[in-house]
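S.K.: So you can see what is in the structure, the chains are spelled out below.
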Amino acid sequence: MSSVTAGAPAPGRTSQETMAAPARSTPRAGRRRPLTVRRVGVGIGIALLAAFIFGPLLWLMLWAFAGVWHYPSLLPQSWSLSWWRQIFHYPQLVRSVGLSFTFAPIVTLVSAVVCLPAAYALARFPVPGRRTLLVVLFASNAFPKIGLYITIAGLFYALHLMGTFFGVVLIQLLGTVVFMTWIPAASFASIPRVLEDAARDVGAGRLRVFFTVTLPLAAPGIFVAMVLAFLASFDEAQGTFLVGVPNYVTMPVQMYSLVSDYPPQAAAVFAVLLSVPSVALMLLVRKHVLGGALARGFELR
Amino acid sequence: MKTAIQRGWYFLAASPPVVLVAVFIGFPIAVTVTYTLGHLGGANSAISSIALHQVSSHGHLATFGAYSAVLTSHSFLEDLVATVWVTAASVGLVLLLAWLVALYGRLADTRVARLLTSFAVVPLFIPVVIGSYAILQFWSYGGLVKTLAHAVGLPGFPALGYTLGGVVLAEVWVSLPFAVLMIGSGLRSIPDSAFDAARDAGASVARAAWTVLLPMNLVPTIIATSFTGISILGSFTVPYLVGPTSPNLLGPDAAQTFQSFNEPQQAEVIAMVIFALAIVVAVPYLWATYRSNNDAPSAA
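In order, the protein sequence lines correspond to chains A and B. Going by the working numbering, the final residue of the first sequence carries number 334, and the count climbs one at a time with no gaps. Going by the working numbering, the final residue of the second sequence carries number 1084, and the count climbs one at a time with no gaps.
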């Protein structure tokens, strides 16, 4: 009995959190006290951080359009689009682009189907052993991937999954399970039950309440989790390399050979291409990620 | 009072991801443990049939031969030391930067402050392969940092590509977004009044942050610490691309032991060492979440 109450999410805590989250603080310090030294310091700090984050990405962008570029010149000596044309003449590169865009949506959908019902159950029902289940998911994250993949290789050989499409989906899926369960579970848990109860009181059925009240309110968290799953699949190289090569070489796997075997321009062009979907998705979910949808998922309530 | 059947249904609904993890992560980990202890048959027969330099328990319960071979090797010990200090340095830097960004975002609620938080989150959306390669190019010989140093008359400025210092920079770059989100989200849920009271009593911003905000935001900070530490300990792509050949972190060491030396058993011993370190880093996290669950107020 006691484990049931302890395992259930505390509604008081979560509703309090949703109230507190949007509360913006009042403008302070910077505007009231014109401390110029501090302001300059903050300005320098911001500039350094921006350079640290964006510098490498911009430098890579320059390489993608560089013809000849020798140290110590700040800009390329000549500009060129030749690698943008050439890269599409390598059939294996073009194929890897297609494969990445095939695997990522499939892995995202499978992950959603496997994890979302569980996320709802963990958030709303007194699941026996709820805590243990959450910790087991967490522990799966702590074992180094390379060690896992070596053993999984043995398992996949036995199951005839090596070099198969399904094998690649499976290995990429494993990297998405934890946050696809945790983040939506936290979103479901943060919805005040009174909202669902109110809908029930005016006569809505269970399914209708779920689809018209619960799901729309939890959507930001689910959306963030799905984007992260898409990116995790899109980004996965180590497991895909082990299971998929030579049949399924995705973009990040290709990137490893590009880095070592091609001039920097080729790798830079490919890197820019590989970043496009990520940046697009980032712009879509930026607001929700900054709003705390991701952070809530990791507090294991 | 829920009936046993109802509870069974709840458990069933929650089980698919756990079953997936149990079969494809839990079971392989168990198999890995037996393999490192010298059991070469059964689930390990496929991998052991192609492996070099294996240690067999010859039907006994266990042998620590593989462990002692790896743990006494000079290159492993160098990599272990490198892994520990790179992880410690990276986690320290990540926490410092994340706290500064989150604190600024919380206290100065300006457009610049929000922009800074947005900046810090960008690496979350850049594939790690790309980020690592970009950082390598940026900090290497011929990169912007070296070029600028040359332009201002510092030709002796070190190139950080292919060094452990470069690995620290890249790990910080990759890990910063998660820590900023965790710590920032925690700070936003602390009411203004707590901080203002300390300020009104005469505490400086730094002191008020240290004595009021840090204790109140301890759990998110611990979560950020543990997750960052675990991901750096087991990282592969960053040290593989940015790091030196040797000594490097244990992640690429394990991969190389398997792929280049064809010694999966020794590679798995290295993986077990990483796992052991990760468990140590995970303990504060489990303690913190357990404590915060017990502290939760019953009802508002």
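These aren't lab readings, by the way, just hints derived from the structure by calculation. A few of these clues could be false.
Covered stretches of chain A (in silico footprint by chain B; criterion: 3 or more residues with CB under 8 angstroms from a CB of chain B, positions within the stretch not fixed) [what the hints assert, rightly or not]: (1) 134-141; (2) 181-193; (3) 228-239; (4) 323-330.
The following label-pair restraints were derived from C-beta to C-beta distances [claimed, not checked]: (5) A191/A <-> Q1043/B: 51 to 59 angstroms; (6) V146/A <-> S988/B: 21 to 29 angstroms; (7) G236/A <-> S977/B: 25 to 33 angstroms; (8) Q1043/B <-> R226/A: 47 to 55 angstroms; (9) T995/B <-> V278/A: 50 to 58 angstroms; (10) L248/A <-> Y1074/B: 24 to 32 angstroms.
Backbone N, C-alpha and C fix where the C-beta goes; we use that ideal spot for every residue, glycine too.
S.K.: Please test the hint of 51 to 59 angstroms on the beta carbon pair from A191/A and Q1043/B.
M.R.: violated (20 angstroms)
S.K.: A range of 21 to 29 angstroms was offered for this pair. Does it hold for the Cβ distance of V146/A and S988/B?
M.R.: violated (53 angstroms)
S.K.: Is it true that T995/B and V278/A lie within 50 to 58 angstroms of each other by Cβ?
M.R.: holds (55 angstroms)
S.K.: Are there at least three residues in the stretch 134-141 of chain A whose beta carbon sits under 8 angstroms from a beta carbon of chain B?
M.R.: violated (count 0)
S.K.: Does the Cβ pair Q1043/B, R226/A satisfy 47 to 55 angstroms?
M.R.: holds (52 angstroms)
S.K.: Look at the Cβ atoms of G236/A and S977/B and judge whether their distance stays inside 25 to 33 angstroms.
M.R.: violated (42 angstroms)
S.K.: Do at least three Cβ atoms from the stretch 323-330 of chain A come closer than 8 angstroms to Cβ atoms of chain B?
M.R.: holds (count 5)
S.K.: So does L248/A sit 24 to 32 angstroms from Y1074/B, Cβ to Cβ?
M.R.: holds (31 angstroms)
S.K.: With a Cβ-Cβ cutoff of 8 angstroms, does the stretch 228-239 of chain A contain at least three residues near chain B?
M.R.: Since three or more residues must qualify, the claim that chain B covers the stretch 228-239 of chain A is violated, with 0 doing so at under 8 angstroms.
S.K.: At a Cβ distance under 8 angstroms, does chain B reach at least three residues of the stretch 181-193 of chain A?
M.R.: holds (count 9)
The structure shown violates the earlier hints numbered 1, 3, 5, 6 and 7.
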